[in-house]
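**Student:** Listed below, chain by chain, are the residues.
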Amino acid sequence: MPEAFLQIEDLGINLSGNSIINQMNFTIKKNTLTTFLGPSGSGKTTVLRAIAGLNTQVAGAIRLDGEEIHALPANQRNIGMVFQSYALFPNMTIFDNVAYGLRVQKKPAAEIEQAVMEMLETVSLAKKKDAYPDQLSGGQKQRVAIARAMVLQPKLLLLDEPLSALDAKIRVKLREQIRKYQQKLGITMLFVTHDQAEAMAISDDIIVMNDGQVQQQGSPMDIYANPANLFMAQFIGNHNLLTGAELRQLGFQSARGTAVHDAAHYIIRPELFCPTASTTETSVPITGKITSRAVLGDRIQYRFKTAAGLKLKVELLNQEEPLPMDSDVTLYVQERTIQKVGATNA
Amino acid sequence: MTPKTSRRVAQAIITFLFIYLATPIVVTIIYSFSTSWVKSIAPAGLTLKWYGQLVTNPEFTTALIRSLGLGLLTTVIAMICFLPVVFYANVYSPSVKSHLRFITVLPFTIPGIILVTGLIQLYANLPIPKILILVLAISLLSLPMTYQALDNAFIGRDFRAMFEQALVLGDKPFTAFVKIIIPNIRAGILVAMLLTFTSAFGEYVLTNLLLGGNFETLKIYMFRLMQSNGQASSVLTTIYFLFLALISLILIIIMQRYSAPHKSPKEVPDH
Ligand SMILES: Nc1ncnc2c1ncn2[C@@H]1O[C@H](COP(=O)(O)OP(=O)(O)OP(=O)(O)O)[C@@H](O)[C@H]1O
Ligand SMILES: [Mg+2]
Numbered sequence: 001m002p003e004a005f006l007q008i009e010d011l012g013i014n015l016s017g018n019s020i021i022n023q024m025n026f027t028i029k030k031n032t033l034t035t036f037l038g039p040s041g042s043g044k045t046t047v048l049r050a051i052a053g054l055n056t057q058v059a060g061a062i063r064l065d066g067e068e069i070h071a072l073p074a075n076q077r078n079i080g081m082v083f084q085s086y087a088l089f090p091n092m093t094i095f096d097n098v099a100y101g102l103r104v105q106k107k108p109a110a111e112i113e114q115a116v117m118e119m120l121e122t123v124s125l126a127k128k129k130d131a132y133p134d135q136l137s138g139g140q141k142q143r144v145a146i147a148r149a150m151v152l153q154p155k156l157l158l159l160d161e162p163l164s165a166l167d168a169k170i171r172v173k174l175r176e177q178i179r180k181y182q183q184k185l186g187i188t189m190l191f192v193t194h195d196q197a198e199a200m201a202i203s204d205d206i207i208v209m210n211d212g213q214v215q216q217q218g219s220p221m222d223i224y225a226n227p228a229n230l231f232m233a234q235f236i237g238n239h240n241l242l243t244g245a246e247l248r249q250l251g252f253q254s255a256r257g258t259a260v261h262d263a264a265h266y267i268i269r270p271e272l273f274c275p276t277a278s279t280t281e282t283s284v285p286i287t288g289k290i291t292s293r294a295v296l297g298d299r300i301q302y303r304f305k306t307a308a309g310l311k312l313k314v315e316l317l318n319q320e321e322p323l324p325m326d327s328d329v330t331l332y333v334q335e336r337t338i339q340k341v342g343a344t345n346a
Numbered sequence: 001m002t003p004k005t006s007r008r009v010a011q012a013i014i015t016f017l018f019i020y021l022a023t024p025i026v027v028t029i030i031y032s033f034s035t036s037w038v039k040s041i042a043p044a045g046l047t048l049k050w051y052g053q054l055v056t057n058p059e060f061t062t063a064l065i066r067s068l069g070l071g072l073l074t075t076v077i078a079m080i081c082f083l084p085v086v087f088y089a090n091v092y093s094p095s096v097k098s099h100l101r102f103i104t105v106l107p108f109t110i111p112g113i114i115l116v117t118g119l120i121q122l123y124a125n126l127p128i129p130k131i132l133i134l135v136l137a138i139s140l141l142s143l144p145m146t147y148q149a150l151d152n153a154f155i156g157r158d159f160r161a162m163f164e165q166a167l168v169l170g171d172k173p174f175t176a177f178v179k180i181i182i183p184n185i186r187a188g189i190l191v192a193m194l195l196t197f198t199s200a201f202g203e204y205v206l207t208n209l210l211l212g213g214n215f216e217t218l219k220i221y222m223f224r225l226m227q228s229n230g231q232a233s234s235v236l237t238t239i240y241f242l243f244l245a246l247i248s249l250i251l252i253i254i255m256q257r258y259s260a261p262h263k264s265p266k267e268v269p270d271h
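Taken in sequence, the protein lines are chains A and B. Here UniProt numbering is used: position 56 in the first sequence is 56, and no number is missing along the way. Here UniProt numbering is used: position 247 in the second sequence is 247, and no number is missing along the way.
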């Protein structure tokens, strides 16, 4: 494992007597953006609060840059955090909000002025420096919250669902900006979201958690294509999850060159169905009926029922005539695209 | 009854009530300015003599200072005791809040006389100054109002996130409280302080029972005057009434100013 910048070791957290996080382990590399992805209630905020020092009653170890930090109070960790509700101070101007941490550090006024204005330029809010938080839009407030954390140059910046209160267009724009700041300023970020597309779009690394445990950690590509277990296979993407027996019934004797095991689980990605057979790869024809279809814009989503009664999800590019409903169609899947769940490597 | 007649009846009742309540006040105020007012419809003449007499009377000034002191001390103690509790309950422990709500209505159900008897029996043999017992007892009695006013101030903003954010930015809990929490609930604090002050300033039952003649506050002095000097007591009542009216006015202004959904100190144009 190359330089672990943040290291979580056997982390255990109880809240009001309930075990929320149990024996959790993961590491984060320096200057990367890692997202923490998981369903609601899976404990993402709980872990973030422990890393930030807002909950010091934890078992296990938290190391940052080689230093044990789990017993330090929040104000001594040099970790930034952006809250879901932004938590701007309504009684202070935007300038004073961003200057807050520097003033606590008793930096000289001229230095504060320069650092704050530079940061406000970075997030394109220099003109709003004298406004109050209640006078800003949601997206602007979010950028103030990020600027306020970044101006302190924290070793690690934690963001708890920073975009969830914003509408779709602004979310996409802001997530790209956050990624840009992260790369430009070389900050290590841990970003919580429950939006897969968001996680895929901006991360170097994704950590998926559920039930207080890390289910899988890997690059967006890896997470998407090689689910490590059944939870991952169901949680990520829109995969067709089949048992080996079902796969064999469809006509697959092997997947990626290895024999199909009846008891194992496999995924067929819905976007990997083809209306025509491949000329170079082994393709298996599957015949059935389209039972429903939905136009998603660039793609069309079909429900496909095989002759043997298996229901599959199929997505094709919206570029030709849509497949006809209620008459037999044949689709092809390449044998090498079938992925075994929990396979150690592709 | 047609809607029109029922409205007339309602108006008549309100008018009657208003006259019934306002007359004694108006009469008292006029009486306090009159040279003499016996066996006639109108007072014989108007004068400020009684005011002069009362204000220069050392009994009055001492009583006033005592009442002011009692009011201020109670307010300070109530704030120091209750503000951190209300903050803690709101920010960290919503479950504490339900218990608190129950405790804070208790003073409504315990009559002052029982409280005093209990206090005297409990603390009579301990070397605690009676005045301290009094101040604490009055703070407790004003708890329902103080609590409600402070509690309302915490509605509408995520104070927990704001407080924790300040800690994450490196601040210490106490300075974060002073810089972030207090300025954003100052209207609630002001209202709570004024209500506590007024109730302590005008407290009669506990003060009289606990300290009585040894510690004559404005209220006690007022009752004593009533039995001896009608004119002086009407002057005192008038002053007292105006004082309460002033505090009510301040309260109304604060509440109106801060109940607006967004207080924007000044508009900043986009761009
Ligand atoms: N103070 C608490 N006492 C007891 N249980 C708690 C407490 N706070 C949170 N929990 C529980 O801990 C679990 C994890 O909560 P957490 O807020 O970390 O989830 P999350 O992954 O951030 O969810 P979301 O995506 O909805 O924000 C939940 O089941 C929640 O009910
Ligand atoms: Mg959360």
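Please keep in mind that the hints were generated in silico from the structure rather than gathered at the bench. Yeah, the Cβ is synthetic: ideal placement off N, Cα and C, and Gly gets one too. Hints may be right or wrong, so weigh each one.
[Stated by the list, open to error] Facing chain A, a subset of chain B residues (Cβ under 8 Å, in silico):
1. Glu59
2. Asp151
3. Arg157
4. Ala161
5. Leu167
**Student:** Evaluate each hint against the coordinates.
**Tutor:** Quick rundown of the hints versus the structure:
Because the closest C-beta pair between Glu59(B) and chain A is about 46 Å apart, greater than 8 Å, the hint is violated. Interface restraint check for Asp151(B): the shortest CB-CB distance to chain A comes to about 19 Å, outside 8 Å, so the restraint is violated. About 7 Å separates the beta-carbon of Arg157(B) from the nearest beta-carbon of chain A, less than 8 Å, and the hint is met. Annotation: interface hint on Ala161(B) holds; nearest CB of chain A at approximately 4 Å, less than 8 Å.
Against a cut-off of 8 Å between C-beta atoms, the interface hint on Leu167(B) holds, since the closest Cβ of chain A lies about 4 Å away.
In this structure, the earlier hints numbered 1, 2 are contradicted, and the remaining ones agree with it.
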